[in-house]
Amino acid sequence: VEAVSKRADDAESRADVPLYHLTVAEAGRRVARRELSPVDLLDACLGRIAAVDGIVHSYITVTVERARAAAREAEAEIAGGRLRGPLHGIPFAVKDNYHVAGVRTTGASRLMLDHVADTTATAVAQLEAAGAILLGKLNTWELGTGSGMVTDDLPFPIARNPWDTERLTGGSSTGPAAAVAAGTALFALGSDTGGSIRLPAAACGLIGLKPTYGLVSRAGCLPNCWSLDHNGPLAWTIEDAALVLSAIAGHDGSDPTSADAPSANLLRDLRAGVGGLTIGVVRDFGPDGEALDAAQREAFERMVGTLEGLGAHLVPARLPASLTEYRHTARVINWAESYSAHEEDFLERRHLMGASLREKMMCGFALRAADYLAALRRRRILSRATDEAISPYDAVVLPGAFHVAPRLDEPDTIPAYTIDNACSAFNLTGHPAICVPTGFADGLPLNAQVVGPYYGEAMLLRVAQAYESATPWREVRPRLGGNDLGGKQ
Amino acid sequence: VSAPERDPSDLDEAAAFARRNGLVEATPEDLRLLAAMRERVAAQVATIRRDYAKADEPAHVFQVEPSPRPPKS
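Chains as they are written, first to last, in the working numbering: chain U, 56 to 544; chain G, 52 to 124.
Derived from the structure by calculation, the hints contain no laboratory data.
As the structure is a computational prediction, the values presented were derived from the model and not from experiment.
Yeah, the Cβ is synthetic: ideal placement off N, Cα and C, and Gly gets one too.
Here are some chain U residues the structure puts well away from chain G; computed CB gaps all over 12 Å:
id	residue
1	Thr78
2	Val171
3	Gly364
4	Gly366
Label pairs and their calculated CB-CB ranges:
id	chain 1	residue 1	chain 2	residue 2	range
5	G	Arg101	U	Arg439	18 to 24 Å
6	G	Pro109	U	Ala440	16 to 22 Å
7	G	Ser60	U	Glu443	43 to 49 Å
Construct all of the structure, not just a fragment, from the sequences and the given hints.
Quick look at the structure:
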């Protein structure tokens, strides 16, 4: 930690940061001031993809010509005085389970290699309406799902963690995490059914935001588990995540579960600090907590101390059930809904599925309707109890992933990364949760979560921003091999 | 990744389950996997039912199972 802090102190000035490592907010400011051309920014990202994506494998499809056309249009609009907002001209990419009309959606699956979408996901359309430039489609576990087991049997190479390319990115949003960490996109959209935004963000040292269930439309995305799926951003900073969420939050009649909720201003109080706020601290996970790495625990305690030092009132809090209880309930719902979405493919073309997806589908096949409904009943009770536990606080902090990213050549350790965490509880209950970096252990990112009441994203971002501003973790980028120019380590 | 070997009786049960539920042309590997996953599912479901029983909800009171939270109006 001290070494990283020192490196942060020694960090170069912002003027020396390569364009592909600019934050969304900084790039947006430069574009707005006409100091930075969207075409040049796009070229920097395309150059970065050419330089490092053969190592990190963040992309499945790069939409070069589509992106160039959009960047030229953005440049002309801005030159003409028609700036759309802070995302105008900013390159981004999406997990390959978001449809984009005219572009193939593979879901990294042999089942869909030739599928060209005829619709565009609402979230992508919202970002493009805000002027952001789609760079392409990003790697994922098959169909954005799986059993947690990683097997090299999909049609695309496994995405690699930019902090150590011998390690897992977390999943299932593997490409989004690899892309933002490596600088092959300034931000990305992922999807989170049981931690699939937050676990990759944790492994790759990023902000991962799973919003309140229903806040961001899932229309135009491949279905996984309709009652657990959440769409959201992976970004380098809290401000970037807030900017992206501001663009994609809101009611969408195309998604029957979309919440008809008034939009909150996520930026107004972002830097208001935590003085006087009451923040719950969840430390006790019973036997489940024994899996928490010592480095993660120590970093979490330092986070608590930092927030206290900033003037927040930190008080002990508890979840009403064990993490295992949440996980088992979520898993049964996940098996049933995912099987329902992919039954036809399973029955007729399961030989095209990778082992991880096939295993999950077999669980869904073996499940009975009454078992699924028992899990839904359990969820109702857990959701209500969790809301009662969280609601007294402005926010609650707790660990996210319990381990650092595991090595890909140690496959037996990989399922533990997916299982030992406090993420899936909030897919089950629908509460918003943000994964934030809390430092490093042996050069690998550590993390924690900030969670809170339904629709409490503005407050969660405020708390996370206060912590981010008080710590040096955003000043250090992963160093990649080859002709990488972006690392500062 | 192969499913572990199973007792023949497990595989017979898995084959019967597969036939009843439309899994046609199941391979021996399919049946080994199905037998293993049926065990896993049964174990998970048992914990949910045990935990749910703690709530002691009256069976004769109508309950609606909602999405994780209702949309704001």
